[in-house]
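Q: Could you fit the two chains together into a complex? Lean on the hints.
Spelled out from the first residue to the last, the chains are:
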Amino acid sequence: MFRLALKSLLNRRGTVLLTVFTIALSTALLVGVERVRSEARSSFASTLSGTDLIVGARAGTVQLLLYSVFRLGEPTANVSWATYQQIAAAPAVAWTVPISLGDSHRGYRVLGTTGAYFEHYRFGNRQPLAFAHGEPFAGVYEAVLGSEVAAKLGYSLGDDIVIAHGIGRVSFSNHDDKPFRIAGILAPTGTPVDRTVHVPLAAIEAIHLDWQSGTRLPGRGISAEQALTHDLTPRSITAFLVGLKSRVATFQLQRQINEYRGEALSAILPGVALQQLWSLTGVAENALRLVAACVVIVGILGMSTALLTTLNERRREMAILRSVGARPRTILGLLCLEAMSLTLAGIVLGVLLLYAILAAVRGYAASQFGLFLGLGLPTAAELYALAAIFSAGLVAGMVPAWLGYRRSLSDGLAVRT
Amino acid sequence: MNTPTATVAIDDLRYAWPGKPALIDIPHLVIGAGERVFLEGPSGSGKSTLLGLLGGVLLPDAGRLAILGTEPARLRAGARDRFRADHIGFIFQQFNLVPYLGLVENVTLGCRFSPRRRQRLGARVNSEAERLLGALGLDVQSLRHHSVTELSVGQQQRVAAARALIGAPELVIADEPTSALDANARAAFIELLFGECGRAGSTLVFVSHDPALAPLFPRSLRLTDVNRAATPAEAA
Ligand SMILES: Nc1ncnc2c1ncn2[C@@H]1O[C@H](COP(=O)(O)OP(=O)(O)OP(=O)(O)O)[C@@H](O)[C@H]1O
Ligand SMILES: [Mg+2]
Chain Z
1 MFRLALKSLL NRRGTVLLTV FTIALSTALL VGVERVRSEA RSSFASTLSG
51 TDLIVGARAG TVQLLLYSVF RLGEPTANVS WATYQQIAAA PAVAWTVPIS
101 LGDSHRGYRV LGTTGAYFEH YRFGNRQPLA FAHGEPFAGV YEAVLGSEVA
151 AKLGYSLGDD IVIAHGIGRV SFSNHDDKPF RIAGILAPTG TPVDRTVHVP
201 LAAIEAIHLD WQSGTRLPGR GISAEQALTH DLTPRSITAF LVGLKSRVAT
251 FQLQRQINEY RGEALSAILP GVALQQLWSL TGVAENALRL VAACVVIVGI
301 LGMSTALLTT LNERRREMAI LRSVGARPRT ILGLLCLEAM SLTLAGIVLG
351 VLLLYAILAA VRGYAASQFG LFLGLGLPTA AELYALAAIF SAGLVAGMVP
401 AWLGYRRSLS DGLAVRT
Chain Y
1 MNTPTATVAI DDLRYAWPGK PALIDIPHLV IGAGERVFLE GPSGSGKSTL
51 LGLLGGVLLP DAGRLAILGT EPARLRAGAR DRFRADHIGF IFQQFNLVPY
101 LGLVENVTLG CRFSPRRRQR LGARVNSEAE RLLGALGLDV QSLRHHSVTE
151 LSVGQQQRVA AARALIGAPE LVIADEPTSA LDANARAAFI ELLFGECGRA
201 GSTLVFVSHD PALAPLFPRS LRLTDVNRAA TPAEAA
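Here the protein sequences come in this chain order: Z and Y.
Numbering-wise (full-length UniProt numbering), the first sequence opens with residue 1 and increments by one.
Numbering-wise (full-length UniProt numbering), the second sequence opens with residue 1 and increments by one.
The set of hints was computed from the structure by calculation and includes no laboratory data.
Computed from a predicted model, the values in this text were never measured in an experiment.
Ideal placement from N, C-alpha and C gives every residue a C-beta, glycine not left out.
Incorrect hints may have been included.
Derived DEER-like restraints, expressed as beta-carbon distance ranges [stated by the list, open to error]: (1) Z:298 <-> Y:194: 54 to 60 Å; (2) Z:329 <-> Y:44: 29 to 35 Å; (3) Z:329 <-> Y:126: 26 to 32 Å; (4) Y:21 <-> Z:289: 33 to 39 Å.
Excised from the complex, chain Y in its bound form (with noise of 0.2 Å):
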């Protein structure tokens, strides 16, 4: 049923967080490989817990999830941590950047945990930082002096797309990156992700709560139809 290049295969994944009902309970769903999905979910309906599964962080408590055909729970801790570094970049909702390091370390910072990443970039790693940085419409030569915790939150995320983007990991996760961001930001920068995911080939999963972004993706699904869990006063 799963094709063999599926970037994400679940099969009757099932997720609890310790003393509380289940929460995910999914009984099937493919991603392929280049598709940019996105999800919606109200609050609360498990979406970043979602996305904690298949970067490889949460464990199933049962079913299958498979990365690019790999099952995370069945690798080591180490190699798990590994495997999110070489296959998967994320970007988060808010406050992306690590305050100590500057606009370029930022970026490259995944390039310091994935062998992978940093081999096919070979020396270009800075410079590819500043050509993902240009493309997604920052000045590097302006802000390179400036601490990134004085950048506005749509050039913190745009910083923090350029992060995940590096190396083109295989699939990039996407948590609410646009929801501190107005209509016509959130816009344009959805047009920058797509732009350079398809550029390095990368499948994007983009979760949100705001079902107006639906119609801006190809593919969009409701958690709340997924999920088996998902009961009816939480969907509401």
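With the rest of the complex left out, here is chain Z (with noise of 0.2 Å):
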């Protein structure tokens, strides 16, 4: 019987290769949806880890975890060093990573920090930042590249570069009279680090020296060696990575750094703040399943459309095996098996479709939005949804079965013709 439905499908190949390839390009869709969903939560959650609170100026938990970890958006405020300096020596406090924002090279974001940025960085599961090449910054015209940087700009060790004021990828304001050496180029991480230029603060500090408000000022040049003179230490920061001597603290600091009266500071926890981006999200990721999940639905009655179209030129076809000894069952289980061959072909070559999709986007989603997607196996929500697809197809498919199942009963072996 599945060798009869199997040549009755090839018999039609021209609606049955559109309606299998509708089922594919909705599943594609739908899974994809759920993809790049699930990768993009997983390349966020995996981007910090081991920090136990990001302390900036007062603004949205979001806001803050946007523009610290994954360089989105700007930053409204600074935080200043005095006040760094008095959380950083906090008791409870074990480790902490300045992060400066606010310079641009080449479309990718520089920031400044300090060597402990590299010894307690940690992202994914608790991984520490490693170097493909070189080492920390040493002086203060020192730059450590992020992989894709190095990559991208075809930079090595020892190439000089300059930092341009402002983060538009277009600058005509550059500080070109203070290049860069490479020290240092950091091996692959999988989130925004490989996409950051990191200097140390004492050079975001020496390069503005004779800036003020966004213009260089005239006829006050400062050359790079006359700026290693000046004191370089920051008057302010962008914000800072904590971690904490035991995380029992936790809330007790972030209640204090809340409540601190020098300055409006708004001290956030990593996870916490991830959630609240789900929630924010989560409501356009619902409405884009459920559009996928209509595009399938429509997918799945264009099957069944297809199928009850051909029901009445079949109609010759069922009173033939009727009258060779068809049962009507045997009827009824070749329109179910048809139903289910398309409905399983679409959604393999969905699949294969949505794969060879992922294959060919995935270097573009990495380089414009950091957005990793992995080429694994399907998960088991992704399985869930094929699952639905497929019943979804079966129940579909058994309109039109029951349908001829119903007329060849009727006809018998008298079809008008």
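A: Right, dumping it as structure tokens:
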């Protein structure tokens, strides 16, 4: 019977192919949405680990998380250096990593920090940063590149780079009088670190000595060497990461920072902030899923329609099968089998299509959105979606099958042609 | 009254389509083993309906209809389909072939549903199909690679005859198989059908609205004569 169903489908390959392709596309869409969603979540979640608090100027939890860790958006205000020093010295604090943002290099964000960054920053499953080449910066005019920056821009150790003022991709005001020598290149992490240029905090201070509120002061050029003679202690930083000696102290310190009198500050727990982010994006995600599910339903209804329209042409065929002794049940089975094969073929093709698309766009997604799409086997949630599509296909295939069955019962052998 | 070997035995058979007046009312009809019977009746007189009853696809409202001593009405649905597969071969007026099956596959289709026919043929299912096609005047080798929809109507009817005959069923029922053929082809087709029915020992019931075919058959009946339900208006 399977061969019979297969041959009958092959006989109508035009419509069959279209139907299978429709189901394949909708399957790829639904599973693709699911995959992008879960990969986005897991890649966000694995960007920062081992940090107990993130502290910045008073801002929304999600906003602070986005600009400090994901380099998305702009900080509204800074944290003064004195305040930073004071909190860093608190007895509960094990380590801190200061972060200073605002400049860029050919579209990549420049992050001012200290050696503590390379020591304490953790991503994924508490993995430390590793150097592919070189070592942390030692001098003021030295930079450490994320792996993607080095790979995309073709830099190697010892090259000089110039930092642009501001974060635009094309910037007309460069700090070209103070070039940086590349001291190290980090190993890939699959996080925004790969797309970051790291320089010492002192360098951020140095290149802005002769700047005031966004423009270079005319006639007050300070050369790179001259700058080194100035006091390069930063006046402020954008935010800082805090690691605690004991996590028990987390909430207490968070409250203390939030109630800090000298300055309006926010301290956030990365995990809690991510949860808030998810609840924000959840609505959009669900809308996307709903649309994808609708597309699947349309695809499956299309299959139903295609099967239904062929039923009339196939009345003769059914009568012939009945005349040689096929039971009505056999005919029901035959039609169900066709719907099942169509759905299954659509699902398999859809999954293959999805992997092909993922393989094609993953480079782009990683570089443009920092979204690292895996090509792993379908996850449980994806398999669940596939099973749902399959069952929907079966149910939708039942309708024409049942009609064909009823009709072949009432037609008997005498079909008017 | 009925000989135990009668292929078809009918007593007081009545049938009406739901919501319609009685269409079939046959007091008595016996067709013996090996007979070739021509059943003539005008369009709408219930020929196809009667054949549906013979094939066990329709069930009588009243009376008794036995094929080879078995009453299909007394069988369960599955057994009835199986009985048809095992003992009856059908040839229809037109469009007899399953378009997506090949020439030989169309012939062996009946064997798929009948273990009994398969058993009778043993391993020779395909070679018997080819023999039958050859005997019915088709060149299997040259037609093999064509779709069955490309065959002429006459050729299609021969393939249908081969399918009805394969595995030597006791009863072959032909429902106007020649109405799309010209007079010469008609006579030739009926000759071939007789030959193979004789060889297989099958009884042949052949219905048509065309009285001109009657002389070709040893026995011919008019449905309007055997069927009490036929009104003079319909018979006209
Ligand atoms: N499936 C059906 N449902 C309801 N009524 C039917 C059905 N098939 C046939 N009939 C009715 O039964 C009557 C006889 O039909 P039948 O097909 O048996 O005639 P026929 O002698 O074979 O005619 P023809 O020579 O045109 O094939 C017709 O009036 C038809 O309307
Ligand atoms: Mg008819």
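Q: Now, for every hint given, state plainly whether the structure supports it.
A: Tested hints:
At about 57 Å, the CB distance of residue 298 (chain Z) to residue 194 (chain Y) agrees with the hint of 54 to 60 Å. In this structure the supplied range 29 to 35 Å holds for residue 329 (chain Z) paired with residue 44 (chain Y), their Cβ-Cβ distance being about 32 Å. Evaluation of the 26 to 32 Å hint for residue 329 (chain Z) and residue 126 (chain Y) yields a pass: the beta carbon distance comes to about 27 Å. Taking the beta carbon of each, residue 21 (chain Y) and residue 289 (chain Z) are about 59 Å apart, not inside 33 to 39 Å as hinted.
Hint compliance for this structure: hint 4 alone is broken.
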